[in-house]
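S.K.: Heads up, the sequence shown is in UniProt numbering, so the first residue is 1 and it goes up one at a time.
Don't take each hint at face value.
What the hints assert, rightly or not - Below are the DSS-like pairs computed for lysine-lysine, each with C-alpha atoms no more than 27 Å apart in a straight line: (1) K266 to K188; (2) K263 to K227; (3) K82 to K248.
Unchecked claim - Across the chosen pairs, the derived CB separations fall in these ranges: (4) L236 to A47: 50 to 60 Å; (5) R125 to D218: 16 to 26 Å; (6) R261 to D167: 27 to 37 Å; (7) R125 to A161: 18 to 28 Å; (8) L259 to E184: 40 to 50 Å; (9) F97 to K31: 35 to 45 Å; (10) P96 to D218: 31 to 41 Å; (11) G93 to A39: 22 to 32 Å; (12) R54 to K266: 37 to 47 Å; (13) G93 to I268: 45 to 55 Å; (14) I269 to I215: 18 to 28 Å.
Just so you know, these hints were derived from the structure itself, not from any lab. Remember, it's a predicted structure, so these values are computed and weren't measured experimentally. We put the beta carbon where it would ideally sit given N, CA and C, even for glycine.
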Amino acid sequence: MIEDEDIAILLNDLFDIYGYDFTRYSKASLKRRIIRLCALDKIPSYAELRYKVRTDETYFKRFVEEITVNVTEMFRDPSFYKSLRDDILPVLGTKPFIRIWHAGCSTGEEVYSMAILLKEANLLRKSLLYATDLNPSVLEKVRKGIFPLNQMKQYSESYIASGGIHDFSMYYTANYGQAKFNRELAEKIIISTHNLVSDSSFNEFDLILCRNVLIYFDKELQDRVLKLFDESLGTLGYLALGTKETLKFSAVQSKFKQLNREKIWKKII
1 MIEDEDIAIL LNDLFDIYGY DFTRYSKASL KRRIIRLCAL DKIPSYAELR YKVRTDETYF
61 KRFVEEITVN VTEMFRDPSF YKSLRDDILP VLGTKPFIRI WHAGCSTGEE VYSMAILLKE
121 ANLLRKSLLY ATDLNPSVLE KVRKGIFPLN QMKQYSESYI ASGGIHDFSM YYTANYGQAK
181 FNRELAEKII ISTHNLVSDS SFNEFDLILC RNVLIYFDKE LQDRVLKLFD ESLGTLGYLA
241 LGTKETLKFS AVQSKFKQLN REKIWKKII
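Let the sequences and hints guide you as you build the complete structure.
M.R.: And the structure:
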């Protein structure tokens with residue numbers, strides 16, 4: 001059984017050896033994921049896990065992926081994407097250029113969903129999507145734009161529910177059980193490693209999406225990240241969070257106005 005003190009020691013190891021700081025992640029979530037990883041990899045004890053993480057950099061990368069990668073899908077929560085389509089993109093369309101940041105983008109399904117929305121609003125030509133994550137291996141998946149073909153039926157249904165009017169298959173090429181999304185979409189995506197725990201603002205954005213990431217952070221780290229987003233948003237920019245996330249009780253709450261039930265806020269100060 002892995003104890004809380006064991007996790008604290010392991011987190012210190014990660015920081016000392018690799019410079020990754022997970023100490024402000026939710027302890028309950030970390031513990032669940034570490035226990036799951038030990039079961040998956042048939043690691044019999046905490047001591048062996050610690051040894052592998054400390055001495056094997058390849059395994060360390062696997063460890064980081066397992067404790068940080070969030071399950072994501074295209075057009076997840078279709079009503080959220082319908083709100084982007086109907087309420088947010090028409091406003092952004094009045095700007096000469098649009099910069100969108102997908103923070104903690106994981107494997108990129110939401111980034112490609114946004115690219116499709118922009119394409120259908122005739123805004124992709126004047127947009128750039130910045131896809132960032134702390135994990136280089138997931139960013140490689142974003143770069144390739146290849147997803148399992150067996151997920152396309154569900155994604156197509158969610159796309160239609162979000163207000164999509166085309167045949168979803170026009171956006172990808174099917175081959176050997178995989179769907180490769182069109183180059184036209186991928187060309188507008190800038191991919192970079194960025195650690196929300198330690199890195200600073202790197203541009204000014206019109207829309208920032210960070211959905212279902214903050215729930216894995218403790219309150220102090222949530223506040224730090226929300227301040228980072230505030231610093232990174234242009235005047236009257238938009239911030240979108242996940243269904244269980246909020247700006248309430250945060251240090252930046254007074255600077256934003258929630259637009260609707262879809263967890264989208266507009267920066268008013």
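S.K.: Could you run down the list of hints and mark each one as holding or not?
M.R.: A quick look at each hint next to the structure:
Distance restraint check for K266 and K188: the Cα-Cα separation of roughly 24 Å lies within the 27 Å cut-off, and the hinted pair is therefore satisfied. Our distance criterion of 27 Å between C-alpha atoms is met by K263 and K227, whose separation comes to about 17 Å. For the hint pairing K82 with K248, the CA-to-CA distance comes to about 24 Å; that is within 27 Å, so the pair holds. The hinted range of 50 to 60 Å is satisfied by L236 and A47, whose Cβ atoms lie roughly 53 Å apart.
The beta-carbon spacing between R125 and D218, approximately 41 Å, falls outside the hinted interval of 16 to 26 Å. Distance hint check: the CB atoms of R261 and D167 are about 30 Å apart, consistent with the given range 27 to 37 Å. At about 26 Å, the beta-carbon gap between R125 and A161 stays in the expected band of 18 to 28 Å. Distance hint check for L259 and E184: the Cβ-Cβ separation is about 30 Å, which falls outside the suggested range of 40 to 50 Å.
Roughly 44 Å separates the CB atoms of F97 and K31, a value that falls within the hinted 35 to 45 Å. Between P96 and D218, the C-beta spacing of about 39 Å keeps the proposed range 31 to 41 Å intact. Under the hint 22 to 32 Å, the C-beta atoms of G93 and A39, about 48 Å apart, miss the expected range. The hinted window of 37 to 47 Å between R54 and K266 holds, with their beta carbons roughly 46 Å apart.
Roughly 20 Å separates the CB atoms of G93 and I268, a value that falls outside the hinted 45 to 55 Å. For the pair I269 and I215, the beta carbons lie near 26 Å from each other, so the given range of 18 to 28 Å is met.
Violated hints for the displayed structure, listed by number in ascending order: 5, 8, 11 and 13.
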